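> Below are the chains, spelled out letter by letter.
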Amino acid sequence: MFPQSTLLDPLFWMVLGAIQVLVFTGASQWAKEYQLGMNWWRWSVVGFWWLSFILTIAGAFTLLGENEGNAGWYVLGFVGTLLVIGGAAILKVLVLLKPNPQ
Amino acid sequence: MKDDAQIGDEATTNSSRRNFLKLGGLAAATATVGAGAGAGFVLGRDPDANIGWGRTEAGKDMYFNREAFEVDFPPTMEVVGNIERPEWGDYLFNRAFSLVKSIKGGWEPSEDWTQIPDLRVREYYEKYPKRWEEMLLSFSEKVKHDNNIEKHRDRFALAWAYSGAYSKGLHADFPPEPTEHPDVDDFKWVQREPKEFKSPEHASKLIKQMAFKFGMSLVGITKLDSNFVFKNMMRGMPEWGDEIPKHWKNVIVFGVPMNWDPMYAAVGYSTSYDAYYRAKMASGLMAAYLGELGYAARPQFPGNSYEVIMPPLAMLAGLGESTRNGILMTPEVGPNIRLAAVITNLDLEHDKPIDLNMKHFCESCKICADACPSGSISKADKPDDVVRGIRKYAFNQDGCWRFWNQGPTPSGLGCRVCIAVCPYTRKNNWIHALVKQAEPRDPTGVTRNALLAMQHNFFYYPDAESFHPEWSGGNFASYHQPPEWMRSEEYLKVEKTWEYDGNWEGF
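Sequence order for the protein chains is A and B.
When you line the first sequence up against the UniProt record's numbering, it's residues 1 to 102, in that order.
When you line the second sequence up against the UniProt record's numbering, it's residues 1 to 507, in that order.
Simulated from the structure, these hints should not be mistaken for lab results.
Treat the hints with care, as some may be off.
As the list claims (entries may be wrong) - Output of the computed footprint for chain B on chain A, the stretches with three or more beta carbons under 8 Å from beta carbons of chain B:
id: 1; region: 13-24
id: 2; region: 59-70
To be verified - So, partial list: chain B residues that the calculated Cβ filter (under 8 Å) puts toward chain A:
id: 3; residue: G24
id: 4; residue: G25
id: 5; residue: A29
id: 6; residue: F458
id: 7; residue: H480
In this text, all values refer to a predicted model and were calculated from it rather than measured experimentally.
From the three backbone atoms N, C-alpha and C, an ideal C-beta is built for every residue, glycine too.
Please model the complete structure; the sequences and the hints are all you need to start from.
Structural data, given as C-alpha cells:
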C-alpha cells in the first residue's frame with residue numbers, strides 16, 4: 001500500500017497478515033453457529049476461494065493503477081462475478097454436506 | 001459448584017466473545033478487500049515497476065532467470081538457406097540519408113525507382129520494388145508533417161521538450177565516431193598493456209556487473225557472428241569491402257527500455273532518444289573501461305552508429321527472441337528495449353540463447369499487426385518471409401518509415417506503437433511478473449490462450465487509423481494517455497482544445 005515508504009509498507013503487510021487471523025477466527029465462529037462441521041478440506045476450499053477473491057480484486061486494481069482502465073474493470077466484473085458465483089456454490093455445498101445432528 | 005448466576009455470567013461472556021469474533025471477522029474481511037484494492041492500485045502506480053528506470057543495479061527481482069530456458073540455438077532464428085550478410089542498402093537509414101542527399105543535390109524522386117542515383121539504394125528497391133511506393137510517400141508525408149506540426153505545439157510542448165533534451169544529449173561527441181581503420185580506431189581506447197583476467201568466466205562476470213553500473217538494464221555476451229556484420233560498411237572508412245577486423249572476437253550486447261509512460265503514449269508523447277542516450281553513453285563507458293584494462297573496443301550505438309545488426313546478436317546472447325514486429329522481445333521488458341553493444345578482443349564466456357515460447361505467443365497474438373498504423377507488420381499465422389536465409393515474419397520497413405514521417409514529433413521520426421501495445425511490454429509489477437513466469441513454463445499453451453483471450457477482449461486498443469495525426473485522418477490516439485507530467489494543460493498557459501484517446505485509470 002505504501003511502496004515508496006520504508007516504514008509504512010512493511011507495517012501495512014504485517015497488519016494485513018495479522019487481521020487474516022481475525023478473518024478466519026470469525027469465519028470459524030460463523031461455521032460453528034451454522035454447524036457446518038468444517039474439516040481440513042472444507043477449510044482448504046474456503047481459504048483458496050478467499051485468496052482468489054482478494055487476488056482478483058488486487059489484480060483488477062493493479063491494472064487500474066497502471067492505467068489499464070478497461071482491463072481493470074473487465075477483470076473485476078468478469079472474474080469477480082465468476083468468483084462470487086463460485087463462492088455461493090461453495091457455501092451451498094458446505095450447507096448440503098453439513099453433518100446431521102445426532 | 002457454580003451457582004446459576006455464575007453460569008449465566010459465563011454464558012453471557014462466551015456469547016459476547018463469539019459475537020465479537022463473528023463481527024470482528026466480518027470487519028477484518030471487509031478491511032482486507034479494501035486493502036487488497038488499495039494495495040493493488042498503488043502497486044500498479046508504483047514507479048519502482050518501471051524496469052530499467054531506477055532499480056537497475058539493486059532490483060534483482062526484476063531480472064528473469066533464464067537458466068531453465070537456455071538452448072543451443074534461438075528457436076526464432078530458423079535458418080532455411082544460406083545466411084547472407086546484410087548489405088549497406090539493407091539498412092533503412094543508409095537508404096533514407098542517401099536519398100535525402102540526392103534530393104538536396106537536385107534529384108527529383110519519381111515513381112520510377114530505376115532512376116535512383118545511388119546504385120546501392122537502387123539495388124535494394126530492385127529486390128523490393130513495391131516498397132519504393134512507401135519510401136516515395138514518406139517524402140510527401142514529411143512535407144505535410146512540416147506544414148502542420150507547429151499547429152499542435154500547445155498539446156505536445158512538454159513531450160517535444162523531453163525528446164529534444166535527450167536528442168541534444170544523444171548528439172554529444174561521446175563515444176566519438178571512428179575516423180580511421182578499425183585496426184587503429186578500436187585501439188585508441190587502449191590506455192595500458194592488457195591486464196590478463198583469471199578466466200573468460202571472470203571477465204564476463206565483471207563485464208556484466210559493469211554494464212549495470214554504467215546504466216544498462218539487460219546484458220548478454222556472445223561470439224561475434226560474422227553473418228550479422230554489414231558488408232561494404234565501416235564507420236571511418238569511405239571504402240570498405242566485406243572483410244571483418246581480426247580483433248572483433250566477442251560482443252557485449254546490452255539494452256535499456258524507453259521510459260515507460262511516454263512509451264505507452266506513442267506516437268506523439270514518446271521518444272526513443274531517452275533510451276538511445278543512455279545506451280550510447282553506456283557503450284562509450286564500457287569501451288573506455290575495456291581500454292583502461294588494455295583491450296580494444298568498438299562501440300555500437302543508436303541512432304545510427306553500427307557495423308552489426310543488433311537483434312540477432314542479442315538473441316544469440318540470450319537476451320530474448322525475435323518477434324512478429326521484427327524486433328527483439330525480452331522477458332523483462334518485452335520489445336521495449338533499445339540496444340547497444342561493444343565489440344572487443346577480450347576473451348569472454350558466452351551466454352546461451354533462450355526459448356521462452358515467444359514464437360507461439362506471436363503466432364497467436366497479432367495485436368501489434370492489428371494496431372500498426374502503417375500496416376507494415378505481417379498478419380500471417382506463421383512466419384511468411386525469408387530474409388537473407390532466415391525465416392521470419394514479413395515486415396515492410398519502408399512502410400514503417402513512411403509513418404515515422406507522419407508522427408507528431410518535431411523531427412517526424414519514430415512510431416513505437418507496436419512496442420507500446422505488445423502484451424509483453426508490461427511493467428514489473430506482481431501481476432505481470434506472475435504471468436511472465438507462468439506462461440513459458442506451460443507446455444500445453446492453456447495459459448497463453450487464456451491470457452491472450454483476456455488481452456484481446458478486456459484491453460482497449462485504439463484503431464490503427466486513430467494513431468495517425470489529425471492531418472492524415474487520425475486523432476493522435478495512443479495506447480495509454482500521456483502521463484500527467486507530459487500534459488501541457490497541467491503546467492503551461494495553453495487552452496486545451498483536445499480530448500485524449502487511450503487507456504487511463506478508469507475512474
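> Please go over all the hints and tell whether each is borne out by the structure.
To see whether the hints hold, each was checked on the structure:
1. 13-24: Check passed, 6 qualifying residues.
2. 59-70: holds (count 12)
3. G24: holds (5 Å)
4. G25: holds (1 Å)
5. A29: holds (5 Å)
6. F458: Check passed: Cβ of F458 (chain B) comes within 4 Å of chain A, closer than 8 Å.
7. H480: With a minimum Cβ separation of about 5 Å from chain A (threshold 8 Å), the hint on H480 (chain B) holds.
Checked against the numbered hints above, the structure violates none of them.
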